[in-house]
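*Asks:* Sequence order for the protein chains is X and A. Start counting at 1 in the first sequence, then tack on 104, and there's your number in this note's numbering. Start counting at 1 in the second sequence, then tack on 104, and there's your number in this note's numbering.
Hints are computed from structural coordinates only; laboratory data are not their basis. Note that the structure is predicted; figures quoted are calculated from it, not measured. Just so you know, even glycine gets a beta-carbon here, dropped at the ideal spot from N, CA and C. Incorrect hints may appear among the rest.
Said to hold, decoys possible - Simulated DEER-style distance windows between Cβ atoms:
no.	chain 1	residue 1	chain 2	residue 2	range
1	A	ARG487	X	CYS344	17 to 27 Å
2	A	LEU347	X	GLY438	28 to 38 Å
3	A	VAL251	X	CYS344	50 to 60 Å
4	X	LYS130	A	HIS451	58 to 68 Å
5	A	GLU260	X	GLU318	32 to 42 Å
There are 2 protein chains.
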Amino acid sequence: MAVLETVFWSASSSRSALAAASTFSKSKANAAVAGLVERGLLEEIGLQASSGGRRPEALRMSRAVGVLACIDLGATSLDVAILSPDMGVLAHHAEPADVRASPAVLLSRIRELLRELLQRCGATRKEVIGIGMGVPGPVAFGSGLLVNPPLMPGWEGLSIRDVLGEDYAAPVFIDNDVNVMALGELWRLHRRLPNFLVVKIGTGIGCGIVCHGEVYRGADGSAGDVGHICVDPDGPRCHCGNLGCVEAMAAGPAISRMAVEAAQSGQSALLAQVLKAQGSISPIDVGQASRAGDAAAHGIVQKAGTRIGQMLASIVNFFNPSHVFIGGGITGIGPLLLASIRQSVYHRSLALSTRHLDIQYAPLGERTGVIGAGVLALQETMRARGSVPETVA
Amino acid sequence: MAVLETVFWSASSSRSALAAASTFSKSKANAAVAGLVERGLLEEIGLQASSGGRRPEALRMSRAVGVLACIDLGATSLDVAILSPDMGVLAHHAEPADVRASPAVLLSRIRELLRELLQRCGATRKEVIGIGMGVPGPVAFGSGLLVNPPLMPGWEGLSIRDVLGEDYAAPVFIDNDVNVMALGELWRLHRRLPNFLVVKIGTGIGCGIVCHGEVYRGADGSAGDVGHICVDPDGPRCHCGNLGCVEAMAAGPAISRMAVEAAQSGQSALLAQVLKAQGSISPIDVGQASRAGDAAAHGIVQKAGTRIGQMLASIVNFFNPSHVFIGGGITGIGPLLLASIRQSVYHRSLALSTRHLDIQYAPLGERTGVIGAGVLALQETMRARGSVPETVA
Chain X
105 MAVLETVFWS ASSSRSALAA ASTFSKSKAN AAVAGLVERG LLEEIGLQAS
155 SGGRRPEALR MSRAVGVLAC IDLGATSLDV AILSPDMGVL AHHAEPADVR
205 ASPAVLLSRI RELLRELLQR CGATRKEVIG IGMGVPGPVA FGSGLLVNPP
255 LMPGWEGLSI RDVLGEDYAA PVFIDNDVNV MALGELWRLH RRLPNFLVVK
305 IGTGIGCGIV CHGEVYRGAD GSAGDVGHIC VDPDGPRCHC GNLGCVEAMA
355 AGPAISRMAV EAAQSGQSAL LAQVLKAQGS ISPIDVGQAS RAGDAAAHGI
405 VQKAGTRIGQ MLASIVNFFN PSHVFIGGGI TGIGPLLLAS IRQSVYHRSL
455 ALSTRHLDIQ YAPLGERTGV IGAGVLALQE TMRARGSVPE TVA
Chain A
105 MAVLETVFWS ASSSRSALAA ASTFSKSKAN AAVAGLVERG LLEEIGLQAS
155 SGGRRPEALR MSRAVGVLAC IDLGATSLDV AILSPDMGVL AHHAEPADVR
205 ASPAVLLSRI RELLRELLQR CGATRKEVIG IGMGVPGPVA FGSGLLVNPP
255 LMPGWEGLSI RDVLGEDYAA PVFIDNDVNV MALGELWRLH RRLPNFLVVK
305 IGTGIGCGIV CHGEVYRGAD GSAGDVGHIC VDPDGPRCHC GNLGCVEAMA
355 AGPAISRMAV EAAQSGQSAL LAQVLKAQGS ISPIDVGQAS RAGDAAAHGI
405 VQKAGTRIGQ MLASIVNFFN PSHVFIGGGI TGIGPLLLAS IRQSVYHRSL
455 ALSTRHLDIQ YAPLGERTGV IGAGVLALQE TMRARGSVPE TVA
């Protein structure tokens with residue numbers, strides 16, 4: 105178990121690295137690995153680059169352990185994937201979705217997609233050892249239930265676990281979408297960064313917090329709810345009732361609203377063209393217009409970035425993270441948004457807290473959500489069973 | 105060692121509670137306790153209230169283990185105390201101090217006070233087993249050196265450890281004043297609250313963070329530097345160079361500045377009287393005037409509380425702590441300030457993150473700093489030695 109967890113969190117590890125990482129002696133680690141290889145839970149994947157001396161063999165968790173069913177539900181998008189235990193994507197499907205629609209319709213679509221994807225990668229229902237899902241709302245992690253979700257009121261009290269549990273014997277784990285993203289990046293980084301943030305900017309704005317090497321959920325599970333931090337006491341009214349929340353001034357809908365205003369007021373011929381052709385303007389359209397040299401679009405992106413940076417400056421002063429990874433649909437706007445965010449944070453934060461601060465788009469990109477859901481599923485399945493299940497192939 | 109740490113963190117524990125808290129069996133815990141009592145490290149302090157069955161005997165670390173030298177240096181105050189290993193205050197002295205003055209003068213005063221206080225409680229220099237000190241600036245915890253301290257530039261690069269080490273063989277541990285306060289409250293709470301904040305408001309504003317049951321210092325040790333969070337983009341310029349920092353608008357000096365303005369502009373006859381009599385107005389004077397019914401003073405306290413609450417609302421949304429404990433000189437203003445802070449936080453924060461949130465003045469009060477320094481000294485001494493030292497009496 106300790107060996108499997110170590111292999112999982114360190115991606116492909118050699119036996120000696122394993123012995124170093126665990127409290128085992130080298131000979132005990134070797135024996136444990138041999139046993140796991142024999143049982144088909146671990147497999148060797150050739151030789152790693154040597155750091156001097158005999159080249160170590162790399163290990164990874166075997167596909168024979170089973171597969172993971174992963175769901176990343178956003179406010180306007182749905183990603184479903186089947187992952188191998190080493191987070192390889194075996195099958196993946198993405199489509200637009202409206203989380204405000206009926207939960208029954210969305211959940212039945214998710215069940216249908218899972219069946220299709222399993223078939224596509226030649227896996228059976230029984231091979232699924234864990235199911236992980238990220239949702240765009242606050243989750244009581246123990247029960248897996250959504251609590252007062254502002255974007256998805258119809259889901260309150262509904263047990264996603266029970267619904268998905270009808271198809272699979274495997275356990276189902278639900279968490280907030282940004283916590284799941286944070287878990288994905290934590291795995292990618294092999295847990296080597298103990299204190300960082302993942303900020304998702306899409307329809308709303310949320311933040312996943314990694315503290316002392318673990319995802320931090322707060323006293324009531326609502327930690328990271330940064331969308332309603334005030335960035336302008338004289339700003340517009342937010343759907344939460346307060347004035348000048350960063351979400352109301354810089355998330356996707358705010359960017360679209362500013363773009364429509366620019367189109368209608370004659371400030372931007374290009375955005376007016378987009379509005380006429382499509383009937384709406386997405387944040388991605390604004391990014392494209394900005395790259396095409398449209399001054400109004402450029403100004404909108406900068407304004408949003410500045411507001412996001414203002415909010416981040418406050419939490420960077422408070423939390424002093426080593427890295428801030430930015431994900432979510434809005435990253436499609438491109439480098440100008442990131443540059444504006446950075447400039448605003450460095451301008452407002454203290455020298456000491458930004459001396460080594462690295463702000464970048466989430467390196468796992470669009471896959472951050474499903475990979476995070478896979479990490480959630482595998483980690484919690486291992487924890488719940490106290491060991492990895494027997495092979496099912 | 106595990107037993108001693110458990111006794112320390114749970115205050116006076118019974119043997120059976122110890123066995124429950126540690127991984128020991130009851131008989132092994134009994135044997136370990138007997139050994140420690142025999143060596144004089146633990147002592148029994150009579151009977152605790154029974155929860156049914158035989159009344160358990162309570163245990164605490166013995167005075168014979170030695171004493172702790174504790175220093176809490178604020179921007180304008182100095183507290184020095186000698187504590188027993190169960191955080192009992194054996195001798196205590198407080199006096200005004202100016203941290204901007206020469207470090208040599210202040211450190212020699214601290215050494216003098218420690219000698220006097222030891223004498224007062226009949227302890228010798230050799231009995232000191234650990235020295236803990238909180239300072240009002242960012243500290244690199246490993247080296248104990250101050251890093252870019254805005255309030256105490258003359259201290260940069262100066263090893264307080266070396267200076268105090270001239271008098272004592274015991275190890276010296278230095279940390280930021282709010283981290284030390286957080287450690288004090290963590291001990292008072294027997295580590296039962298895993299996620300809370302301690303906010304110190306005095307000359308500056310800082311925040312100690314307890315996350316997953318440990319003091320959290322951030323990637324560069326500057327976590328909790330909340331004094332420069334912006335609460336009004338059109339606010340006054342702060343000494344850090346930015347506009348509208350909460351410290352520039354609501355800490356002690358800002359309150360005094362607003363009071364002098366009210367006195368000079370004829371808004372408050374009472375504050376004008378104080379200014380004439382003393383030549384200055386302290387935040388405590390403003391609190392007294394407010395309680396005496398002075399409307400201008402009342403307005404100043406409310407304004408400061410609202411600004412502090414605005415800053416806290418942002419970090420409460422982000423961190424979702426269970427408790428916020430407020431300490432520092434400004435608490436002398438009294439209940440109106442706390443009420444204004446609370447109102448502002450509840451108004452601006454999300455329902456979920458404030459549902460169970462408790463905001464109160466730090467229960468250890470003025471002793472939070474020296475007790476935190478004692479906890480720092482004892483905890484780090486035990487960690488550094490891997491055990492508690494032999495008795496020295």
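*Asks:* Would you mind marking each hint as holding or not holding in the structure?
*Replies:* Verification of the supplied hints:
Between ARG487 of chain A and CYS344 of chain X, the C-beta spacing of about 44 Å breaks the proposed range 17 to 27 Å. Restraint check, LEU347 of chain A to GLY438 of chain X: a C-beta distance of roughly 30 Å satisfies the suggested window 28 to 38 Å. Distance hint check for VAL251 of chain A and CYS344 of chain X: the Cβ-Cβ separation is about 38 Å, which falls outside the suggested range of 50 to 60 Å. The given range of 58 to 68 Å is respected by LYS130 of chain X and HIS451 of chain A, whose C-beta atoms sit roughly 60 Å from each other.
Checked against the hint of 32 to 42 Å, the pair GLU260 of chain A and GLU318 of chain X passes, with Cβ atoms roughly 34 Å apart.
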